[in-house]
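What follows is each chain in one-letter form.
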Amino acid sequence: MKSVLWQSAQATCLLLLVSVPVCAQFPHSSVDPAMRDRGATIYANQCARCHGEDVRGTEKGPDLIRSVAVLHDRRQMLYGKELAPLLTTLPGHNYKFDDKQLADLSQFLTASVNATLRSGYNAQPTHLLDGDAKAGEAYFNGAGGCNKCHSATGDLAGVGKRYTPAALQQKFLFPNYGLFVKKKTQVTVKMPNGKTYSGDLVRIDDFTVTLHEASGENISLNRVTGSTVTTVDPFQAHADLLDKYTDADIHNLTTYLDTLK
Amino acid sequence: MKLLTASLLCLSLSPCAIYAQQKQSTDTASLAKLTDSWPTYNGDYSGRRFSPLTKVNTTTVKQLSQAWSYRVEVTTGGGRRISATPIEVNGVLYFTVPSHVWAVDARTGRKIWQFDWVSKGGDTIGNRGAAVSGDTVYFETEDCNLVALDIHTGKEKWHSSIGNPDLFYSGTVAPVVVKNHVMVGVSGDDFDIPGYIEAHDTETGALQWRWYTHPNPGDPEAKTWPNDEAMLHGGGMTWVAGTYDPELNLYYFGTGNAQPVINGLARPGANLYTATICALNPDTGKLIWYFQPNPHDTHDWDAVQTPVLIDGVVDGKPRKLLAQASRNGWYFLIDRTNGKALTSTPFAKQNWALGVDKNGSPIPNPAKMAQPNGALVAPNQAGAANWYPPSFSPATGLFYVPAYDAYSVYYIYDNNKRPEGWAGNDRGGWMSASLRAMDYKTGKVRWDHKWPSPGGRSGILTTAGNLLFTGDTSTNLMAFNATTGKVLWHAGLGNLITNGPITYELDGLQYIVAAAGDTLYAFVLN
Numbered sequence: 001m002k003s004v005l006w007q008s009a010q011a012t013c014l015l016l017l018v019s020v021p022v023c024a025q026f027p028h029s030s031v032d033p034a035m036r037d038r039g040a041t042i043y044a045n046q047c048a049r050c051h052g053e054d055v056r057g058t059e060k061g062p063d064l065i066r067s068v069a070v071l072h073d074r075r076q077m078l079y080g081k082e083l084a085p086l087l088t089t090l091p092g093h094n095y096k097f098d099d100k101q102l103a104d105l106s107q108f109l110t111a112s113v114n115a116t117l118r119s120g121y122n123a124q125p126t127h128l129l130d131g132d133a134k135a136g137e138a139y140f141n142g143a144g145g146c147n148k149c150h151s152a153t154g155d156l157a158g159v160g161k162r163y164t165p166a167a168l169q170q171k172f173l174f175p176n177y178g179l180f181v182k183k184k185t186q187v188t189v190k191m192p193n194g195k196t197y198s199g200d201l202v203r204i205d206d207f208t209v210t211l212h213e214a215s216g217e218n219i220s221l222n223r224v225t226g227s228t229v230t231t232v233d234p235f236q237a238h239a240d241l242l243d244k245y246t247d248a249d250i251h252n253l254t255t256y257l258d259t260l261k
Numbered sequence: 001m002k003l004l005t006a007s008l009l010c011l012s013l014s015p016c017a018i019y020a021q022q023k024q025s026t027d028t029a030s031l032a033k034l035t036d037s038w039p040t041y042n043g044d045y046s047g048r049r050f051s052p053l054t055k056v057n058t059t060t061v062k063q064l065s066q067a068w069s070y071r072v073e074v075t076t077g078g079g080r081r082i083s084a085t086p087i088e089v090n091g092v093l094y095f096t097v098p099s100h101v102w103a104v105d106a107r108t109g110r111k112i113w114q115f116d117w118v119s120k121g122g123d124t125i126g127n128r129g130a131a132v133s134g135d136t137v138y139f140e141t142e143d144c145n146l147v148a149l150d151i152h153t154g155k156e157k158w159h160s161s162i163g164n165p166d167l168f169y170s171g172t173v174a175p176v177v178v179k180n181h182v183m184v185g186v187s188g189d190d191f192d193i194p195g196y197i198e199a200h201d202t203e204t205g206a207l208q209w210r211w212y213t214h215p216n217p218g219d220p221e222a223k224t225w226p227n228d229e230a231m232l233h234g235g236g237m238t239w240v241a242g243t244y245d246p247e248l249n250l251y252y253f254g255t256g257n258a259q260p261v262i263n264g265l266a267r268p269g270a271n272l273y274t275a276t277i278c279a280l281n282p283d284t285g286k287l288i289w290y291f292q293p294n295p296h297d298t299h300d301w302d303a304v305q306t307p308v309l310i311d312g313v314v315d316g317k318p319r320k321l322l323a324q325a326s327r328n329g330w331y332f333l334i335d336r337t338n339g340k341a342l343t344s345t346p347f348a349k350q351n352w353a354l355g356v357d358k359n360g361s362p363i364p365n366p367a368k369m370a371q372p373n374g375a376l377v378a379p380n381q382a383g384a385a386n387w388y389p390p391s392f393s394p395a396t397g398l399f400y401v402p403a404y405d406a407y408s409v410y411y412i413y414d415n416n417k418r419p420e421g422w423a424g425n426d427r428g429g430w431m432s433a434s435l436r437a438m439d440y441k442t443g444k445v446r447w448d449h450k451w452p453s454p455g456g457r458s459g460i461l462t463t464a465g466n467l468l469f470t471g472d473t474s475t476n477l478m479a480f481n482a483t484t485g486k487v488l489w490h491a492g493l494g495n496l497i498t499n500g501p502i503t504y505e506l507d508g509l510q511y512i513v514a515a516a517g518d519t520l521y522a523f524v525l526n
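Residue numbers (the numbering used here), protein chains in the order written: chain A, 1 to 261; chain B, 1 to 526.
Excised from the complex, chain B in its bound form (with noise of 0.2 Å):
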């Protein structure tokens, strides 16, 4: 009797137990294709976002209902809004906000723990989402430390700085487990300071390597800028997760802009790596190849747009590829094994590019960078796309992007001969939003839904079911046909969608889950 009795209150304390039934892997292997879970940012290391499961489909989807919906309850920085993709393992969903973790029962929504990181501050605006290796979840706080969790309790098990948070270095990223690495990211471009990404051993935190997104002084590319000390003060923050292929053992990711950020005049030159698409090998840190979307950065365009890896045939012949849809309003299908750029062609309305150069990168226009007396660029600041998650779907070939037509001016307002910070700005706005479908091999449009209204911020998922979820501009989760374009279901919820939605399978059961603003919402077929 008092063994069943302690049997039971084990049972009823530990919320792990109910859990531990189930062993999902999270090794490299498993995590290289996705099936019916989601276990990193993008579901699996390719960063498509595209799941096989097919119970929720072009028939079906009209049957979708809402299961549960969890609302977070605490305000930061960046206001009550879950912008990061939730994660799914073994039935439990992990998620953040800037310096906080939840593990919530992915069937029914209910808290399993809550952790609360105390901050000593950063330039808040969002908080990507977490990483999951075996018993342990990995986040970034907002004052630049990694934090590794026990993934049944949410009790801290270690932490470890990667940046300084004095010096405007704040942490927003996802991370990504590679190995035994956990490979993080920086955010923050209000100062002149370098970018990194960084890799931590999984057990222990220590730092195992740190590569600066610039060259080292006396590289051949430390030649596209005019001095070393406006190198090393050049930016290229590393603030959206990457990818990664594990038969190539390359990790993929973009930097962000130029610093200082829109007054260039004293960076003349390619400034690389910001604004690059960067090739790593994650086990040294070691740079393979690399590819610049957008040389010169002065909007503050970056090119930090998730490389999304597909396998394709061009010519006839299988290919490994990369795609990004930059957020300077070009889309480019690269070699991934070399960095060649096969397509180099915009997306959406652009005005500031003089042509592309013998590699398939954009010239900028002199004239369109920023002036005294303003310049009409298009797109604006906030890009032609962002960090919203694009999606892949090798069933239909298409690469879908949330494309936004944009303009503003950009003035310079320091015209000191040595600018520090951003140096000037752009001002208002003209925006129309679409949801883009692009054929993979050429960026040509194949359809384009445009939103009735401008603004939004959603990213996408696409399923084998032959549908794409994303949120519109409005404060509707939506499901297209990924073919065709027709919209096939909604669900109005009480904010816009602000994350990329996820799918996964449990107990035979699909489930569909968005955040909009502070909630979780979850659907399944009825």
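Just chain A, same shape as in the assembly (with noise of 0.2 Å):
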């Protein structure tokens, strides 16, 4: 249910997240990291036969993840000090776990519960492989007419080794969006008197144009009547390819370019 405005930022992080793995955790309930890691220890060795190895809960023991008294915890950061009653007297429990421990614990499960909120920051994309690098190659070379401005051994060698597949597949679709934004829009605005400014487009609007000239300068148009305004975005071609790809293409292309080492 979340607005344009989360969205924005979601998405910029998790962009981030394809080089710098680590990333905040939402929404307020942080964790230290070798707290949790402590945590698991106790929860593998203590709760997870009847939890579940993944805290979801068995046959033998409910979901934890969902657990109301775990939620409070985490959402108060408790740190166990109201989940330790439970540990000693529900049915099978006799668990005599010191305020370390405890907090150990509940740093874990506040990090379970964190990672399945919005999928979890560390999530990535899986089978990203699967498709067919020989039919990518063909589309690349046919169909999507990658190769009208790129090469394999040109400007695209060694790109597997650069970018993870997610990073990849992400490229070639939306070029020009959040940190791989890397060539602006070219603007090119003629005012009545004949006299016309190019450059790269910094910002726009029905009434005003800001373009960065080559000189270094900025500059700000008014879009007066008689002014012409022509826009060229230099990823114009990857755009156009959104109307036409099949997921296939982008499965096949994405496992063809992951080839090129």
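Hints are computed from structural coordinates only; laboratory data are not their basis.
Now the stretches of chain A that chain B is said to cover, found in silico as 3 or more residues with beta-carbon under 8 Å:
no., region
1, 71-80
2, 123-132
3, 165-174
4, 245-252
Listed below are the simulated DSSO-like cross-link pairs for lysine-lysine, each with C-alpha atoms no more than 30 Å apart in a straight line:
no., chain 1, residue 1, chain 2, residue 2
5, B, Lys349, A, Lys183
6, A, Lys148, A, Lys161
7, B, Lys486, A, Lys195
From the three backbone atoms N, C-alpha and C, an ideal C-beta is built for every residue, glycine too.
Take the two lone chains and join them into the complex the hints point to.
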């Protein structure tokens, strides 16, 4: 149900993760990795048999990720204080954890909950190389028209080494998005007096244009009557493909590009 | 002398005295049709956001200039952003950001009071606004309380819990008051929790009824889920204000996405009543009819977008209609007496539906649900529309919507047989943003103003002056000729327009008010 503001922040965060594997926890309940790891050991030894290795329960014990007590502990950052009585009084429970162990276990459970929220920011796509590399190569040189601008032995040589499969797929689909932006939209403004300005587009609306000239200067112009504005997206060919790709094309192309080591 | 001094002192210390001389009713009958004020989130109950005011019109709009501005100075989890629609009653504006409420003089922008709720935390992304009834202001807090405030002083009268924030419920929606019911919804889809809508007593805050957005086990609609457990963890949040028809006594609202959100393999079926338009009896909470714009939602698209009530003529007969431009890229026109769809048609780029079923609901293409190695889907998660309010002008017969053509790739991350939470997500994106005007009967686009850059999140206001006000994707508040789409006026503000503009008239002056980031701006004619 999230709004666009959240979507943008989320997308940016996910793109960051392509190259940076660690990101802040969401929403507010942070986790100390060392405590989480110690808690994971306690959980594996004492709890997993009934509550499952993935904390989602078995026939013997309920799902702890959906436990109201665990969720309250997580949000209030109680470090197991309210869980402690349950761990000694619930049927089949007689654990005498000290405060440090309780806090470690609490941090592991918090991390387990956090990992399910928006799939957890550490989650990655899988099976990205299940496509047909030969079909991907044929698409590259045929229907996709990729070879009109790119070369497997030229600008794309070694591209499979430079990017993870997830980043590679995103890069050819949305090259002008987020951290991948490397080439600005080009803009030319012709004013009524005939004077023409060209450069990188900085900002545009229905009334003004700001551009960055090759000289290094930023120019801001009013879109007055008689002026014309022409923009050229250097990645337009990629955008045009979005209406044409099949998902098989995307999977095959990803698999092929990954072979370009 | 003493008496005079006491009177003057009273006047100077009591801001309410200035406003007490005016008595504008906020009862159910007076909220049915908008006049010169803006007393609910959508202006009136209909959701049309159409004002009959005409002083500002296609001829005079060029004379609009800024009257005042008011900047909020609190930062919440949603940042310094006013995404609430202000409401205007008796010369005072009431608006919110998460856990804070203001009363501001609608003529001058001067603060009258501010209420700060001490929140115990919640997933804060914004607050859509307040409701007013009689001498009480109502709003939801991020940690799930409905709070009632004295309209004159801003002092709390009572508060009532509406959800457990431990379970990831949060409060963001603007309440809607119908008779003696304060209707509230809940937000929060990070976990597999059921959505619901509640009615609270306007005077005491007592819970009157709660209606969950899932069928009762054993109901015929329960067969749209694989089992009761999946259904009872199936989501369907209610995070956008509904609309109301006093004649039919029906309250209309849309529900949010199903959960687990992206991986829907463990919940095959249409998953009622998620992503559904519902009509309830507000006195009993009983469901009267439903229509599902987005069966088996696996893209976080919801169907919460405002159900707009239109009285029109179809096939030569007067009809009571309901229109929604849904986040999934489809426009629906429904008979609001019974929920039967008359029109189902895309209004933006979409590639996920195979067609429509006999009820007019789109049929999802399984290939365009998330895949472990990715599925390219239009629209993206932000949707072809979102919470930004649309508008309908009975003068032009056009339905106006901020429309986005967009692609992203949906991935399944968690292929566990029992996925929980989101279990996947979308990544990346390409987007083209437009302001789109459609024939309300057919959904056909009459005019389309493509913004020169993507982004933006502004709602829409239309008026009998044949104007349409909205924010662009940059920082401009703009006025269009509502019939032709011609740009007539703009004002560059300090930020993106972050709510739906409103209009009201005081002392013969028509005001236009919009929020941009942390600031409200008011405009009047020179």
